[in-house]
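Sequence order for the protein chains is H and P. FYI, in numbering that gives the first Met the number 0 the residues of the first sequence are 0 to 143. FYI, in numbering that gives the first Met the number 0 the residues of the second sequence are 0 to 78.
Note that these hints are calculated values from the structure, not bench results. Be aware that one or more of the hints could be misleading.
Below are the EDC-like pairs computed for lysine to aspartate or glutamate, each with C-alpha atoms no more than 16 Å apart in a straight line [what the hints assert, rightly or not]: (1) H:LYS115 <-> H:GLU58; (2) H:LYS57 <-> P:ASP54; (3) H:LYS57 <-> P:GLU55.
Quick list of the computed label-pair ranges, beta carbon to beta carbon [unchecked claim]: (4) H:LYS42 <-> P:GLY41: 23 to 31 Å; (5) H:ASP36 <-> P:GLY24: 43 to 51 Å; (6) H:ARG108 <-> P:ALA15: 33 to 41 Å; (7) P:GLU37 <-> H:ASP14: 18 to 26 Å; (8) H:ASP31 <-> P:GLY41: 32 to 40 Å; (9) P:SER20 <-> H:SER23: 51 to 59 Å; (10) P:GLU37 <-> H:SER23: 56 to 64 Å.
Quick reminder that beta carbons are idealized off the backbone N, C-alpha and C, glycines included.
Listed below, chain by chain, are the residues.
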Amino acid sequence: MNAFEISNEPIDLNDFRAHLLDRSCGAYVQFDGWVRDHNEGKKVLRLEYEVYAPMAVKEGIRIIEEARQRFGISNAFAIHRSGLMELSEVAVVVGVSSPHRGEAFDACRYVIDQSKVRLPIWKKEYYESGEAEWVNCQRCAHAM
Amino acid sequence: MKITVRYFAAFRETAACDTESLETGATSPAELFGECAERHSGLQNYSSSLVAINDEMAGWDALLNDGDEVLFFPPVAGG
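If we strip away everything but chain H, and leave its shape as in the complex, we get:
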């Protein structure tokens, strides 16, 4: 399976992993991004992802395809959440399966790194102080 999806609902990780099972593969690498309780010295209570899904999915599929071609892996799949999220929820998951582990690690890293800077997704953090802020990624403008 090779796909990229946006989900408004919590991600079922068992179901996710099942999509990447492959008898020709001996390695499976999965990265989960969790909602963290702090950022740059501020206590974070929850966060919100705004996603422009039509372009996020299109660009996400491009990233998955690039990973397949660069690293020669068998399967890659990623899901990114949208909407309000609580601490420790899974915000993003990337799974890669391949015959051997080296390329699976590399491809998984590639998919999450590219996803952070290329997808039209914005994160708003809600702080203990009552403030809320859109978090900027300054590297992004140069990545696309």
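Position chain P against the provided structure of chain H, taking the given hints into account.
Here is chain P on its own, set in the frame of chain H:
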């Protein structure tokens, strides 16, 4: 010509709207952003932002055509 502008995230909050239809003489997204910044104080800088036209990423100096939908993306932060 007529252009539809869409704002996202911080831009949407600053502009206090997500979509607007403009009659404009702007020939590029950069010029268009300048016009929008006059309408909505606070939209000051697009230097680290991205722009798309009709759901495809574009340059700030791309040529605009009548009926285009221009999407202004503030710096992204997925993951």
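LYS57 (chain H) paired with ASP54 (chain P) [C-alpha distance capped at 16 Å]: At roughly 9 Å apart (the allowed maximum being 16 Å), ASP54 (chain P) and LYS57 (chain H) satisfy the hint.
Status of the given 23 to 31 Å range, CB of GLY41 (chain P) versus CB of LYS42 (chain H): holds, 27 Å
ARG108 (chain H) versus ALA15 (chain P) beta-carbon gap, inside 33 to 41 Å or not: holds, 39 Å
GLU37 (chain P) versus ASP14 (chain H) beta-carbon gap, inside 18 to 26 Å or not: violated, 50 Å
Distance restraint hint 32 to 40 Å, applied to the beta-carbon atoms of ASP31 (chain H) and GLY41 (chain P): holds, 36 Å
Cβ distance range 43 to 51 Å for ASP36 (chain H) and GLY24 (chain P), holds or violated: The hint (43 to 51 Å, Cβ to Cβ) holds, given that ASP36 (chain H) and GLY24 (chain P) are roughly 49 Å apart.
51 to 59 Å as the expected CB spacing between SER23 (chain H) and SER20 (chain P), which holds or is violated: holds, 53 Å
Pairwise beta carbon distance, GLU37 (chain P) to SER23 (chain H), judged against the given window 56 to 64 Å: holds, 59 Å
Pairwise hint evaluation, GLU58 (chain H) against LYS115 (chain H), where the allowed Cα distance is 16 Å at most: The given pair, whose Cα atoms are some 12 Å apart, holds under the 16 Å limit.
16 Å limit on alpha-carbon distance, applied to hinted pair LYS57 (chain H) and GLU55 (chain P): holds, 10 Å
Against the hints set out earlier in the document, a violation occurs for number 7 only.
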